[in-house]
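Colleague: Chains as they are written, first to last, in this note's numbering: chain A, 21 to 518; chain B, 21 to 518.
It should be emphasised that the hints constitute simulated quantities derived from the structure, not laboratory data.
It is possible that part of the hints are untrue.
As the list makes no split between identical chains, a pair holds if one copy fits it or if it spans any two.
[Said to hold, decoys possible] Here are the computed lysine-lysine pairs in the DSBU-like style, where the Cα-Cα straight-line distance is at most 35 Å:
#1 K72 x K367
#2 K367 x K417
#3 K367 x K243
#4 K72 x K208
#5 K348 x K293
#6 K293 x K208
#7 K199 x K243
#8 K348 x K208
#9 K348 x K200
There are 2 protein chains.
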Amino acid sequence: MGSLQTENPEFAAAVATNTDGFATNPLDHEEFRRQGHMVVDYIADYYRDVHKYPVRSQVEPGYLRRRLPDAAPNGPEPIEVILGDITHDILPGITHWQSPNYYAYFPSSGSTAGFLGEMLSTGLNVVGFNWMSSPPPPSSRPSLPEAFLFSGGGGGVLQGTTCEGLLCTLTAARDRVLKKIGREHIGKLVVYGSDQTHCALQKAAQIAGIHPENFRAVGTTRKDAFALNPASLRAAVAADVARGLVPLFLCATVGTTSSTAVDPVAGLCEVAKENNMWVHVDAAYAGGACILPEVRHVIDGVENADSFSFNAHKWFFTNLDCCCMWVKDPAALVAALSTNPEYLRNKATESKQVVDYKDWQIALSRRFRALKLWMVLRSYGVSNLRNFLRSHVAMAKHFESLVTADERFEVVVPRTFAMVCFRLLPPAQAGRETANELNRRLLEAVNSSGKAYMTHAVVGGVYMIRFAVGATLTAEHHVVESWRVIQEHASEILAAWS
Amino acid sequence: MGSLQTENPEFAAAVATNTDGFATNPLDHEEFRRQGHMVVDYIADYYRDVHKYPVRSQVEPGYLRRRLPDAAPNGPEPIEVILGDITHDILPGITHWQSPNYYAYFPSSGSTAGFLGEMLSTGLNVVGFNWMSSPPPPSSRPSLPEAFLFSGGGGGVLQGTTCEGLLCTLTAARDRVLKKIGREHIGKLVVYGSDQTHCALQKAAQIAGIHPENFRAVGTTRKDAFALNPASLRAAVAADVARGLVPLFLCATVGTTSSTAVDPVAGLCEVAKENNMWVHVDAAYAGGACILPEVRHVIDGVENADSFSFNAHKWFFTNLDCCCMWVKDPAALVAALSTNPEYLRNKATESKQVVDYKDWQIALSRRFRALKLWMVLRSYGVSNLRNFLRSHVAMAKHFESLVTADERFEVVVPRTFAMVCFRLLPPAQAGRETANELNRRLLEAVNSSGKAYMTHAVVGGVYMIRFAVGATLTAEHHVVESWRVIQEHASEILAAWS
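Please model the complete structure; the sequences and the hints are all you need to start from.
Modeller: Below you can see the structure in the form of structure tokens.
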């Protein structure tokens with residue numbers, strides 16, 4: 021984009037065709053500064069006021085289509101008008117994940133430092149597919165074994181999401197095995213998780229061409245708190261081997277989505293090793309909390325796994341998206357994911373002194389995600405991060421004590437981290453189906469009030485409500501007030517039922 | 021994160037363990053405002069000064085590892101210190117993609133509006149995996165046929181990158197065919213591109229489990245300006261069919277990476293349809309320019325393709341990452357990519373009135389990318405966007421005329437968009453290898469000077485230098501000055517050679 025002074029007739033002609041007035045350069049630094057300050061204030065005001073919005077979007081499907089024009093405008097519109105439309109048209113349609121009363125799914129715990137890191141990454145707008153623009157991954161980690169670090173022959177990489185990480189490791193595992201047994205046997209490979217494993221595993225298996233009948237969601241039980249029992253895995257694997265299938269990959273989960281169950285990593289790795297399977301430990305939610313010495317034991321045994329990941333964008337104050345992944349055998353990733361065209365050849369790569377992350381992930385282009393995680397680590401420091409996480413655990417414990425103190429409710433599964441799974445108990449003489457229906461109504465009533473937002477899960481046939489503490493702005497009084505809202509709606513629902 | 025006032029002893033204990041002083045809430049709105057303004061100024065100053073930096077990173081492998089500490093700090097560090105480290109440690113290590121003298125690869129043409137949209141997306145920090153948080157995709161598009169739009173039974177989705185888009189469509193195509201012929205025939209499926217197709221296709225084929233021997237990079241020739249000739253494709257497909265293989269997928273490229281060649285979409289679609297293949301049109305670089313009426317013809321025939329994508333983060337003023345993709349048969353995508361666990365069940369999805377984009381992409385979680393593209397469209401308007409694009413084309417034409425006027429050089433392939441592929445001609449009596457070596461030296465000399473950054477490609481054995489205009493800050497005088505730098509280095513290299 022050029023200035024208006026030009027002696028090039030082609031260029032002048034291009035410029036002259038604009039009858040609506042030629043905007044300043046789209047990266048003009050003073051206009052950037054002016055508009056950037058406006059948007060910072062806009063977002064700061066949003067955080068100041070976010071507790072006032074209904075947490076869950078209260079709009080109906082199609083609302084935005086009716087509000088937005090069919091086509092982009094021909095001429096430019098001022099930032100003031102656009103921000104006004106965001107306030108009036110966009111904000112009512114979104115669910116406010118940063119609300120202090122957000123307890124749904126898992127939190128996306130943003131922070132100022134995470135935001136600023138993303139700003140810097142976006143501003144530099146570097147496309148880091150090879151070494152040139154990628155600094156080494158951040159060195160703070162939940163005390164992982166040496167074998168996962170570059171110094172020990174392994175290595176770390178920032179992915180966007182766990183889905184991508186799982187697909188990369190599964191593809192690496194697949195090709196490592198197929199190289200030995202022949203590509204024609206792809207239809208024999210089997211992938212294992214539990215019936216509590218995140219659907220990302222099944223999706224990764226589908227994409228990687230694993231036969232749909234060879235995906236095993238091994239059953240869990242309430243007795244094991246919905247963790248995958250190594251004996252169940254061993255039985256499933258043995259049955260497959262007996263049928264001539266080839267066990268390939270196990271995903272062990274530390275902190276399942278439904279109930280934050282913790283699969284026993286050490287025991288599962290033993291079974292996997294007996295069968296030469298790749299083990300990925302998915303600690304998407306709970307992994308960040310492993311910087312707490314009192315939590316670290318949940319990944320004991322990880323030294324026997326092949327890869328490990330957690331989402332810093334879940335419970336580690338780093339804005340979406342940022343999945344930290346480590347592998348023991350980077351060569352397997354590179355073998356499965358690399359292609360080396362001429363137009364990317366360069367001296368640094370050929371020197372073998374650098375890591376080209378394009379060969380560790382699905383996409384070629386890479387945003388500079390390390391910057392936001394690095395900003396989080398430096399801005400808060402490990403000591404504060406630990407205290408932030410502990411405050412969430414403390415609030416969840418407090419919520420648990422409130423639930424326990426009300427005899428109409430129960431805590432359904434043991435609380436391990438900062439999520440409490442609870443439900444209304446069935447009234448006298450009523451059975452599980454009644455209880456499930458009452459809890460379904462309770463959840464919908466609370467969410468429709470806009471005062472708090474929670475989601476549900478069903479484990480062992482029991483419908484339960486998940487109360488996940490971790491939104492950055494949540495303070496104790498929000499938890500207490502949310503519990504009061506839940507109690508009020510419960511009283512109404514029980515009264516209407518009886 | 022809570023306030024310090026608490027009556028919960030667990031919570032008080034957690035807070036009290038912090039001996040380094042308890043930081044304010046990581047999303048405190050006034051601290052967010054203060055730091056946000058600082059970083060806006062930091063980036064505005066960067067854009068003001070970016071022309072002063074050596075464009076290509078001038079550091080050696082390992083430089084950053086020596087500068088950064090091994091572990092994260094225990095206590096918090098002030099933003100002022102962190103920004104200082106970015107200036108001193110990070111900026112010298114990156115390649116400045118936003119420099120006005122950046123002509124390498126393809127541009128990542130950021131803009132103020134793209135940046136602000138990313139800020140808003142990061143600030144809201146919404147994890148849009150289902151309808152709740154995803155507005156409809158932007159409606160401005162390079163006049164695509166109705167069949168690609170929701171109104172015509174198709175649909176659009178924003179992916180991160182073309183790599184992801186290709187993997188999604190390839191997986192959809194794969195499963196659509198395997199459903200008919202049986203999964204055991206996965207080893208027979210064949211994927212086609214040309215020897216100029218981006219390596220993203222090969223990578224997607226690898227990940228999707230296509231047999232590595234069934235990836236065809238059909239040869240192109242200088243006579244066809246390195247576009248894929250439909251007759252060559254037809255011959256390749258016929259040979260595979262004769263061997264009992266099953267043609268699956270063709271990627272046609274509009275604006276190849278090496279030379280911006282344009283594959284003839286209409287003719288290629290005919291061949292593909294004869295063989296029931298899925299055709300994806302990859303216009304990663306050139307697609308945005310299809311909003312120019314004088315350019316739109318390059319995708320003529322796209323109505324016969326199955327999917328189409330372009331990267332708004334390449335040449336459409338939208339900061340990384342944002343790939344716009346349309347498909348005719350969304351049901352094929354959903355069939356290949358969906359999983360529907362209980363914890364994601366909701367009324368909106370079950371109403372079938374909404375689009376859950378998790379089933380249109382690799383990952384479950386989705387950043388709110390629509391916001392930045394929407395900001396770009398509204399802030400600049402179609403008319404200005406056309407003029408910005410035309411100014412880049414005009415600058416490339418001007419550069420082309422400068423090259424042509426210097427008899428030591430030649431333009432190697434016809435210029436179609438805003439990239440000029442040129443080279444030093446071999447001196448008298450010297451052959452192609454000599455010319456290749458001279459151009460290699462010329463490129464390295466210019467890039468090492470830090471005054472401009474270009475990259476190379478080899479087509480038909482000819483090493484050529486790619487001069488891609490499109491960085492947002494590039495003005496005509498930068499192009500003229502860069503040509504002068506190239507000429508000077510050429511004179512030195514030729515003098516040293518003779």
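Colleague: Give a verdict on every hint.
Modeller: Outcome of the hint check:
Taking the shortest Cα distances, K72 and K367 sit within 35 Å of each other only across copies (24 Å), while inside one copy they are farther apart (55 Å). With identical chains, the CA atoms of K367 and K417 are at most 35 Å apart between copies only, with a shortest distance of 31 Å across copies and 55 Å within one. When the C-alpha separation of K367 and K243 is checked against a cutoff of 35 Å, the pair qualifies only between copies, where the shortest distance is 32 Å, while the shortest distance within a copy is 57 Å. Within a single copy, K72 and K208 get their C-alpha atoms no closer than 54 Å, and across copies no closer than 58 Å, so neither meets the 35 Å cut-off.
Proximity of K348 and K293 under a CA criterion of 35 Å is satisfied intra-copy only: 14 Å inside one chain copy versus 45 Å between copies. Both within a single protomer and between protomers do K293 and K208 lie at most 35 Å apart by alpha-carbon distance, with minima of 18 Å and 32 Å respectively. Taking the closest pair of Cα atoms, K199 and K243 never come within 35 Å of each other, the shortest separation being 40 Å inside a single copy and 39 Å across copies. For a Cα distance limit of 35 Å, the shortest separation of K348 from K208 qualifies both inside one copy, at 25 Å, and across copies, at 33 Å.
Within a single copy, K348 and K200 get their C-alpha atoms as close as 19 Å, which meets the 35 Å cut-off; across copies the closest is 39 Å, which misses it.
Of the numbered hints listed earlier, those contradicted by the structure are 4 and 7.
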